[in-house]
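Peer 1: All chains, please: the whole structure from these sequences, using the hints.
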Amino acid sequence: MQEFIVASFGGSGSKFLVKQILPFYNHLGSKDPDHFHKHIRNPTMHFSKHAVKKILFIHSKPSDALQSFFSRRENITRQHGFTPQNIKGNPKWVKIHCHNLYGRSDKIDETWDLEKFIANGEDYLDLEDYVQNWLDFKKQSVLFIRYEKMWDNIDTIQKYLGLDDSFKEQFAPQLPRTSMSNTLSLSLINSIEKIYSPVTKLLETLDDVIIR
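Count along the sequence shown from 1, then add 466; that gives the number in the working numbering.
Worth flagging that the hints you see were computed from the coordinates, not collected in a lab.
Given the structure is predicted, the values throughout are model-derived calculations rather than measurements.
Built from N, CA and C at the ideal position, the CB exists for glycine as well.
Mixed in with the good hints there might be a few duds.
[To be verified] Distance ranges between label pairs, derived from CB positions:
| # | residue 1 | residue 2 | range |
| --- | --- | --- | --- |
| 1 | P639 | K519 | 24 to 30 Å |
| 2 | S514 | K667 | 26 to 32 Å |
| 3 | N556 | I655 | 20 to 26 Å |
| 4 | P639 | I677 | 21 to 27 Å |
| 5 | P489 | I676 | 21 to 27 Å |
| 6 | K605 | K554 | 39 to 45 Å |
| 7 | T622 | K660 | 28 to 34 Å |
| 8 | D572 | P489 | 38 to 44 Å |
[Stated by the list, open to error] Pairs of lysine-lysine, DSS-like flavour, derived with a Cα cap of 30 Å:
| # | residue 1 | residue 2 |
| --- | --- | --- |
| 9 | K554 | K485 |
| 10 | K604 | K481 |
| 11 | K605 | K481 |
| 12 | K527 | K554 |
| 13 | K615 | K519 |
| 14 | K485 | K604 |
| 15 | K604 | K520 |
| 16 | K520 | K485 |
| 17 | K504 | K667 |
| 18 | K481 | K634 |
| 19 | K527 | K504 |
Peer 2: And the structure:
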């Protein structure tokens, strides 16, 4: 049985969190961080086939996550992955990520920038469905973590995983998020907020950190 996984819809610090946890599981055979990092749309189906002791779901404001996705078309920072340095982005990143989320990637043109993506008026990533699936998951408990409040709740993560106090002591400090907000028009920001309002409201029903 796998010890833990960190799941998310992306752009929410999931890889960062895996990197904080993994050193405390040195006894595990696999040291590949990707083994503990998942984008799972249907947890009920997934965990009926793959047993895991501890499940963490980290989420952030969807509009911020979306901006993070599109920034990766230009540049992928070390905060975005498991590499020690920044690397050149991939123009196809959003389409690939949508495919990995089992969203409607066939609807996305890989050349689209954020403005063209939003102009369609739909969330082809289907994040509301993604989050609802996780809220409906009842097979076992899940620790839901709001990225923006994670540093205020490190002790809760520590206790959930059964780790010693050195986890909190060694937890890396919060760094500024990659954001495009200062380069976007007000009308575009409003359009993003409108499209992602349903999933945003869904996530707002959760406490900052809660075991469900």
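Peer 1: Would you mind marking each hint as holding or not holding in the structure?
Peer 2: Results of checking the hints against the structure:
no.	hint	in the structure
1	P639 <-> K519: 24 to 30 Å	28 Å, holds
2	S514 <-> K667: 26 to 32 Å	29 Å, holds
3	N556 <-> I655: 20 to 26 Å	25 Å, holds
4	P639 <-> I677: 21 to 27 Å	25 Å, holds
5	P489 <-> I676: 21 to 27 Å	26 Å, holds
6	K605 <-> K554: 39 to 45 Å	40 Å, holds
7	T622 <-> K660: 28 to 34 Å	33 Å, holds
8	D572 <-> P489: 38 to 44 Å	40 Å, holds
9	K554 <-> K485	21 Å, holds
10	K604 <-> K481	24 Å, holds
11	K605 <-> K481	24 Å, holds
12	K527 <-> K554	25 Å, holds
13	K615 <-> K519	24 Å, holds
14	K485 <-> K604	27 Å, holds
15	K604 <-> K520	14 Å, holds
16	K520 <-> K485	16 Å, holds
17	K504 <-> K667	23 Å, holds
18	K481 <-> K634	17 Å, holds
19	K527 <-> K504	19 Å, holds
Hint compliance for this structure: no hint is broken.
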